[in-house]
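S.K.: Could you slot chains B and C onto chain A? The hints should help.
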Amino acid sequence: MSAATTAAAPPAVGRPLWRRLIGFNLLTAVILGIGGYYLGWWIGHLVTEGKSFEYTKAIDENDVALLLAYFGGVIGFLVGLGFANYPVSRMLGRPASLREKEEHGIGRYFGLCTDHKVVGIQYLCGIGLFFFVGGLNAMLIRTELLHSNPTFVGPNQYLSLVGEHGTMMMGMMTSGILGPFANYFVPIMIGARRMAFPRIEALTFWLLMAAGFILTSTIFFGGFPTGWTGYEPLNDQAVMGMDSYIMFFALVGLSMTLLGLNMLATIITMRAPGLTWSRLPIFVWAVFATSVLMVLAAPMLIATLLMAAFDRTIGTSFFVPGGGGSSYLFQNLFWFFGHPEVYILALPGFGIVLELLPVFTRKPLWGYRLAISGMLGVSLLSFFVWQHHLFVSGINADLRPFYMLSTEIISVPTGFIFLCVMGTLWKARTSFSVPMLFCIAWAFNFLIGGLSGVFLSDTPSDTDTHGSFFVMAHFHYTIMGGLIFTFFAAIYYWVPKMFGLNFNEKLAKAHFWLMFVSFNSTFLPLFALGIQGMPRRVSFYEPKFHTLNVWVSVSAFVLGVSMLIFLFNVVYSLIFVRERAVQNPWRSKSLEWQVATPVPVNNFEQIPVFDSDPYDYGTPVALAGGVGKPQVTGAGAGGG
Amino acid sequence: MSSEGVPARPPATPGEPNHLRRFGTIWIVATLIALPLVIFLLGPELPPGHGSEQASAHVTDNIVLLAMATPVLLLVVIYLVYSTIAFRQPRGGVLEGPAVRGHAGLQTAWIVITSSAVLALAAYGTVRLLADNGAGSGSGPKPLTVPKGPKLPVQVIAQQWAFTYRYPSYGGVETTHLELPVNQMVELHVTSLDVIHSFWAYQLGVKADANPAVDNVAFVKPTKIQTFEVHCAELCGIWHGGMFDHGHVVSGADFQRWIREQQVKFAPATKVLPKYSKTYAPEPTRRGE
Amino acid sequence: MSTTARKLLGVIAAVAALAVLITLYISSWATSAPKTIAATAVTAAGGGPTTHLTLQTDAAVGPQESPAHPDWVGYLVQQNGHWVRSTIYKVPANSLVHVTIYQFDGDSGLRNPFLSQVQGTNNGTVMVDGKPINHIDPEEASHTFIVPQLGVFVPLPGVPEEAKNQCEAGPCDPGTMAHRTIEFTFRTGKKGRYRWQCFVPCAAGTYFGFGGPMQTIGYMDGFIDVV
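Residue numbers (the working numbering), protein chains in the order written: chain A, 688 to 1327; chain B, 177 to 465; chain C, 28 to 254.
What the hints contain is simulated information worked out from the structure, not anything from laboratory work.
Ideal placement from N, C-alpha and C gives every residue a C-beta, glycine not left out.
Some hints could be false.
Stated by the list, open to error - Straight line, CA to CA, 30 Å or less: simulated DSSO-like cross-link-like pairs of lysine-lysine:
(1) K1231(A) x K451(B)
(2) K217(C) x K400(B)
(3) K318(B) x K454(B)
(4) K441(B) x K191(C)
(5) K744(A) x K191(C)
(6) K158(C) x K117(C)
(7) K62(C) x K744(A)
(8) K34(C) x K1196(A)
(9) K1231(A) x K218(C)
(10) K324(B) x K454(B)
(11) K324(B) x K400(B)
(12) K191(C) x K62(C)
(13) K217(C) x K441(B)
(14) K117(C) x K738(A)
(15) K1193(A) x K34(C)
(16) K1231(A) x K117(C)
(17) K158(C) x K441(B)
(18) K324(B) x K441(B)
(19) K34(C) x K1231(A)
(20) K327(B) x K454(B)
(21) K400(B) x K327(B)
(22) K158(C) x K447(B)
Said to hold, decoys possible - Here are the in silico distance ranges between beta carbons for each label pair:
(23) E741(A) x V448(B): 28 to 38 Å
(24) G281(B) x F1244(A): 44 to 54 Å
(25) P1230(A) x S59(C): 22 to 32 Å
(26) E736(A) x A68(C): 49 to 59 Å
(27) P1230(A) x P159(C): 51 to 61 Å
(28) L51(C) x V440(B): 33 to 43 Å
(29) T403(B) x V1237(A): 18 to 28 Å
(30) E437(B) x P159(C): 20 to 30 Å
As the list claims (entries may be wrong) - Short, incomplete list of chain B residues facing chain C, as computed with Cβ under 7 Å:
(31) Q336
(32) A338
(33) W415
(34) G418
(35) A443
(36) P444
(37) A445
(38) L449
Pulled out of the complex, with its shape left as it was, chain A reads as follows (with noise of 0.2 Å):
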């Protein structure tokens, strides 16, 4: 297995550092990203002159202003960016540039790189950094949950923040794994030297920086109180920091169509020989499933963004009775891309853990066939669910059994994941590395998340539950304890082979084990709140909730010291210490780890050729063989 490395050929040296500054880079895309801004700020105040505006008068705001000025800033941002080049030079008859993946150095990583193996770090980097915003938002939702009066943050600024937190994590972390762990790890997988789309790949991760800074810019427009559902009409009603998380959310939409569209074309076409779709490794098949939902639900999002957006701009009413429009039409269309979205966060999870397990267990996946009808049939399935949401809302009461029998089924085919997990893990050769602790306890966290969401679909008992810190609780279960769990799960198995480094095992060891002690205390009693009667999204709550209140901020404080444990690790690890990590250390017998570390640029000098899948572990050495599988022997002692 000789994937060799392409001798890097020498940054150019000897231009000056201003020389360096000006051309299509980080520094451009901002200054056009401002430019646009003002540009879009200025036009928007001119097209308001006019008598059909006259309302942003009396409410010194001006949302047409605002919406134009974020889509100037954009596309500025991405001009400056030189997203622009390839097709004005075509268009120009000019042969196209292939500049962006040949540079080298660290400054690749802050501009428009084609590798996927950059994109696939700077996903890292990026969603980590508004990870981190998101977090902060929770720490100080909790600090105000301290107090059952509005005492700590004002009562709009609580809903700001509850609302950003639930949308910098829905919208920025449904691209989690897909962004960083698909985009480095599926061409190598399948054995392509790039992804399909290599423009359309790094323009996704662009647009998704673009769309959190626009997120987090919600404050200096006075936040919006609506949450990450963002429900008509108290959407049409919000100041102008609503449209902050309109122009997020679509172009997290946007970001997110087109990272679905590439991998499908990825997956589809760029298989080296022999990779049929029976030998696919099943984190792949896991990044189809996903990738279908989000092709298929995300320009919903986008589509019920605009009809918002007109409604707040140019007076149309989609959403407000008084025009003919319906409250429950916002609903409909966002649950209808809401629901696919959380599967969207969960499938990659099942992916991790389905692909992990086999490595730790010194096993084949067990059910192979059976783990990919699960995630497709998740996948089918989760587009006819989307009305429980609506259980007590009074539309359609009479469908409400359909809707409680198609959320019972989805529980079918998670159920196959369970299985595969429980049949790999029986009588294993378990080693318990950091990786896989953290897929163990997804295994309980999602279990938990699951049994609770039983509760959810039955609408008599969702009568209880309904808005209430149960359903919190539950989809804290599912989404942090099924995507942040794996997405450190990722972390730490893969980064050896994306850095080339090694993380301090007993820092690791001490982040998992405060993560997941401190989750559960987190969000285990916030069961109990719910269902004896705290709705979720207040500021104020009966005294009795206090004393839980106060157990659960705490832990929630915690749970923030673990990932400060992390975040110190990285530096830690990464920066100061820079332990080499041997080329196969998990002794792995997927292709990415036969490949070199630090990967080539090229990924494989040649087109390998398959002829198993990468699970055929606890079998004799004697049956490996061919260039696409991968040979265990001595794989360990070929890193550097």
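M.R.: Frame of chain A, contents of chains B and C only:
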């Protein structure tokens, strides 16, 4: 670092305990211990209590769901604990597990069992929902099933940020608090004057969204004289959390006395109220009007 | 340390600095609030402690009170003879609070006419321009001063459109500008923080008249801190 010379472990080494039997025994014993505890000890304590027929029905439903969930929870948790203890890689070891890739019979059995459990749950939920006339949930303007017998209509009007209550059968008087007679079927008509709210009477097991221009009907029959909490359960703006209040379930005679007091007290306001209607659309209905 | 590592460290330091700045900014934004204004104590003519609150409502609070939103409708409160824009008032527990509101805004009408009736004040009445009343015409309502948890419901009638000397922007002068004077007294209960708000759709230009100033502390919503 190499598995060379370490052949895959045969599926069953002599001397190895029968893991399946051991695990099965632990699980069954744990379930047999836990189930009665859940049903008989925890069950009656489950929320929302017995404030109304609907709330009592929810307690029963929650017991049934919890009784279904308990064996599943124990199965997976005990399995995880058992397999992490029993199937460890020895420290520094490089042993391989058995190369088992599946078990058709087990997979089929799993699919059949989970599917039937899920179908049973859905059927149970449907029966309970319909038999209980919506089980206290908001069931839209024309509920599929309506309880027989006389019903006291009460309108819940949500606005940013307060609930008020209107009694159409008592001259359309509107009040700031909700008071209901015990053992009387109540027909709640929940509507909103602006954004989406949700009327949640916790101890009564009632929750119904208040949408503008929509009449959302929920049925509840209070069975216990008590004070209950009213919350808004749908984010509606700055005072969403402050939109809480207490209501009272009182005896029939007390209710009559109370409603007459309200009629006198709120006579000036009642005069200027719009005619009782299923929904209201007060000005302004749109932006900038 | 290699050059790459040094560069990386530089980047991480920059990101950390950025993170600290973001943290500080979000925290300071989240905890910002109008300052709490204590009601002035007045010597009681017998009976328990009494305090006094003097408020005014303006159709536009003016650039002096709110540079960002000069056209928003809002309440101002008098402190040491000056008008300040705050809606967080501190009053003693179990005491009488006497409130004087100078109403400079025109009428918008109530969404729910039920709230046109006075509740929870002493005698169940308020003095409007010196006359005791217990309800107003819901169409005439300009604002309300309602503290739901204390049971205080006071509707405020608006200034007629034809009145001369209308106040354009706050702070308005009760000596010269057209206004109505509303006076009432209510009894505070036990200690705690109680929300109060306006129920009239007075936020012009927003959906249902309930956006912007109607959902921002310091304009048409606030707290009564009973201490």
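S.K.: Tell me, which hint numbers fail for this structure?
M.R.: 1, 4, 12, 14, 18, 19, 27, 28, 35
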